[in-house]
Structure formats: C-alpha cells, structure tokens
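Number of protein chains: 2
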Amino acid sequence: MLFVTSKDNSNVKKAVKLKSSAKERRKSGLFLAEGLRICMDAVFSGAEIQTLFVTEKAMQKHGEDFALLEEKAKNVICVNENIFALMSDTQSPQGFLSVIKTLDKTNEFDTIKGDSKYLALDNVQDPSNLGTVLRSAEAFNVSGVILSCDCCDIYNPKVVRGSMGAVFRIPFIIKSSIKDFLNENPQINSYAAVVNSDAVSLTDVKFQTPCAIVVGNEGNGIKAETEKACQNKITIHMEGKAESLNASVAAAILMWEMMK
Amino acid sequence: MLFVTSKDNSNVKKAVKLKSSAKERRKSGLFLAEGLRICMDAVFSGAEIQTLFVTEKAMQKHGEDFALLEEKAKNVICVNENIFALMSDTQSPQGFLSVIKTLDKTNEFDTIKGDSKYLALDNVQDPSNLGTVLRSAEAFNVSGVILSCDCCDIYNPKVVRGSMGAVFRIPFIIKSSIKDFLNENPQINSYAAVVNSDAVSLTDVKFQTPCAIVVGNEGNGIKAETEKACQNKITIHMEGKAESLNASVAAAILMWEMMK
Chain A
0 MLFVTSKDNS
10 NVKKAVKLKS
20 SAKERRKSGL
30 FLAEGLRICM
40 DAVFSGAEIQ
50 TLFVTEKAMQ
60 KHGEDFALLE
70 EKAKNVICVN
80 ENIFALMSDT
90 QSPQGFLSVI
100 KTLDKTNEFD
110 TIKGDSKYLA
120 LDNVQDPSNL
130 GTVLRSAEAF
140 NVSGVILSCD
150 CCDIYNPKVV
160 RGSMGAVFRI
170 PFIIKSSIKD
180 FLNENPQINS
190 YAAVVNSDAV
200 SLTDVKFQTP
210 CAIVVGNEGN
220 GIKAETEKAC
230 QNKITIHMEG
240 KAESLNASVA
250 AAILMWEMMK
Chain B
0 MLFVTSKDNS
10 NVKKAVKLKS
20 SAKERRKSGL
30 FLAEGLRICM
40 DAVFSGAEIQ
50 TLFVTEKAMQ
60 KHGEDFALLE
70 EKAKNVICVN
80 ENIFALMSDT
90 QSPQGFLSVI
100 KTLDKTNEFD
110 TIKGDSKYLA
120 LDNVQDPSNL
130 GTVLRSAEAF
140 NVSGVILSCD
150 CCDIYNPKVV
160 RGSMGAVFRI
170 PFIIKSSIKD
180 FLNENPQINS
190 YAAVVNSDAV
200 SLTDVKFQTP
210 CAIVVGNEGN
220 GIKAETEKAC
230 QNKITIHMEG
240 KAESLNASVA
250 AAILMWEMMK
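One line per chain: the protein sequences are A and B, in this order. Numbering-wise (numbering that gives the first Met the number 0), the first sequence opens with residue 0 and increments by one. Numbering-wise (numbering that gives the first Met the number 0), the second sequence opens with residue 0 and increments by one.
Bound conformation, chain A alone (with noise of 0.2 Å):
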C-alpha cells in the first residue's frame, strides 16, 4: 500500500480527469466507482479493479471489507480526506473509489434468444436517469441494455452510483445508433414509446419476443429516425395537464410492462 499526500501525485490526478472527463474516459479505457458498496459490487461482478484509493478512516471503520477490496485490487492508495474529496462525486464521501477497467459486454449481445427482451435508450441525456434505468432494468431482470453513443456517458460516476452497482451486473452494448442495431436484428420486435395518442396504448400491448422498447431523450423524445426503423408505437396513457413523465419513470412503466 502506498501512502500519498500530494494531490499532484500522477494517480490522483488521474483520478480526478475520470472524475469529470468522458473522453479522458474512453481515451484510458477505465472509470470510478465510488463508494463501499459499488466497489465491492464491482469485485462480486468480476471487474478488474486497477487502483483502490483509501483514506485512514474507512480503512479502520470497515476493515473486513477493505481486506477483501485490497487483496482484488492492483494497487492501493492511502489518501487523506482533502485529497479524496479531490476524486469524489459525493458530498459526504464514504473513503473508497476504485478505478475500474472499463466493461466488455459485447458477447452477451452476439446471441438474441427467443425469449429475449430488450430497453433500447435513444440519446437519454441525464446521468440520474441512466442510473436509475439501470437499477430498474436489473430489477425486473431485463435481458439487456442498448444505447446509443450519443448517450450520456454509462461511465459517468452518478451512473455509476445511480445504478446500485447494476451497471457492473447488467448487460449493455453502445452502439452507433438505435437504427443500426435494430437493422442489424430484424428478428427483433421493435417498440418505440412515444407521447402520441395515436400510438397504442401500453396496456393494449401483446409484446411480441424478442423485442425492445426503445425509449428517446428527455426533452425531445426518440429521433425520428429512430421511430421510423420500429415497427410499433405504444404510449404510456396520460391524464391532466402532465405532458410527460421523467424519462427513467416512462422507461420503468415500460419495463415493467414488458416483463410482465
């Protein structure tokens, strides 16, 4: 274990460019988790923890777990809590952040089995939203996750957090576009939900398997030309003067729909 008081020591500043940066992200093919119970989420799920940073406090408060974290990780790092804050998303940190080697879940999309059911997200913009769409989608145990690479970052640390560790659980693909994958998969019934009271209502819907519901951005829906590669649209009936639903409210409905 080494022990660092710097907050130019090359790992934490490191650390701080993932905090904020997506491209720094990609660029370095690795990402924060935050947090005891997402960094122990992460070994329980298998992902390749390069860098455990600690402080003094959490190590002493929950030693069994930091125990199993630091025979995992590659490298642990002691810091102080003004450099931890440094690193951290959350405003009472909890004094464990791992840096995680990004998630390869491509494979578990090579095979889409008859049964298959799919969330498809179209350019979801909010990382709260993406988070808790996870944590949604691994709830009522959705077969995986598309998304569009104009998609908010699935890396970013209130994903991450937001998700309850399901991001490290759930399988998920980015792709160029919703299109592309739905041309890729003909077999797969499409659905894009819409605010159109011309679409079908959800609770008028035969699901059709394999299929995937496709879900749009926050503020301007699905792209249109997203809408035209689905074969349905169904809609979430809505009364009053409400126009729309919050985006992960719309995409749990849906699931919950869909897993019926």
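Just so you know, the hints here were simulated from the structure itself, not pulled from any lab data.
Pairwise CB distance ranges, derived in the manner of DEER restraints: (1) A:89 / B:103: 35 to 41 Å; (2) B:8 / A:200: 50 to 56 Å; (3) A:20 / B:25: 40 to 46 Å; (4) B:89 / A:20: 18 to 24 Å; (5) A:84 / B:84: 23 to 29 Å.
Built from N, CA and C at the ideal position, the CB exists for glycine as well.
For this one, chain A is given, so just place chain B on it according to the hints.
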C-alpha cells in the same frame, strides 16, 4: 417595475434565504418557483405571485409571457445576471423566478370520495424523488398526495422544478404522520409498499377504493408504526441482485397499477 442592482436589497436577500431554508419558507409562508414554464404554471393554477424577479435578457426574449406574468405579479423586480444567480438553483438560469405564497389544499381532502385513490409518502427525503413522484401522480391522475411532516419540504426549489409544475395542480396535504391520516380516515383501504417476499405481489392486488398506497423512506422504507396502521402489505416483485427500486420509480409503478 423596480430595478435592483445590489445584492443587499432586502427582496433579494429574502429570496436567497427562501432558496436554501425550509424554516424560512415555513415562517414566511412563501417559496420560490424558477423558470419561465413553472412561473406560467403558477399563474395558470391561480397561485399568488408576490414578487417576480426577471433579468433584462429574459424580459426581452419572452416579451409576451413576461407581460402576462407582470400583470399577475404584485411586484416585479429586474436584476442583473449576477444577482439572479444568487437566488437561482439552476446551473443555467433562464431569468424568471417567482416568490409565491404557499398553497393551501387542505379543503380538497375534506371529503374522501368512494373512488378516491391516494398516494401517501412516509419520510421521503430526496427532493428529486419527491418532485418526480408529484409529476407522476399528476400524470396518472391520482386523487391526492399525503406527506408525513418529516418528508423533505415540498416547497424545496428542486421539488418544485422536478414536479414540472405538478405541485401547483395536484391536491396534497402535509400531516403529522401517515398513521394519523389513516386513523382519521378509517374508510380508506391502506396498502403499505414493502420489500418483503411475504407481502402480496403488486400484480395480484385488487385495490378496494377509497384507497391509499404508502411509500416509505429511500433507505429505511416505511416506519414500523405506519406499517402497523396499514391493512395490507404489497410488494413489487424483483429479480436479480437488485435489492430495491429508486423510490420515485417504485411509487410510479405502484400508482400505475392502482390507477389502471
């Protein structure tokens, strides 16, 4: 219209306080609504705008809407961007912010109708969750929302914004406890949402009206005394390693099924 250029102006100082202090909001009976759309929502729902703060740029950009807001607001104060930022809770302020009298919807709960369907929130703490829950409650046409007084403040700027204006339109009431509300209204059939495999699965529940679903705190769920006061226990069946859903997602799924 007043032009204010000092951050020490008493109106500005009061608004800054209202942004961050729930105590100040309670004491003064005032709260903030930020953004053009939410200010318009306030007007259309008949809320009383005590002071409207605008920037010059916002006035020019949205002349027509500003004219309407100006007509309805008791006072209008034009401030520069720097002063506006002090009162704002957003990263890119739009230049519209209203100081509004807190809403009294108590009488909407005087009569519990035979077909009423409520959502009760027991110590829900996260403002983003609460805002999203109100938005969903409106979209699904829930009869009203009951909040225990230890829930996060419904007039928190994040709640108001996250509700997309639903806070102005949906009936809500703040009670000392959910237990008290249920005891005072014994005709209401109560359904406690719990994470417990012994509870009835949501898909098997036949809701008897009038009814209320009770949703609890993000980390600890429903209080023991509240659960005891409920006649039924229901649960959202989950798969995989997910231990729970985000509170606003769980509330949405529960309301979706209740309102079907």
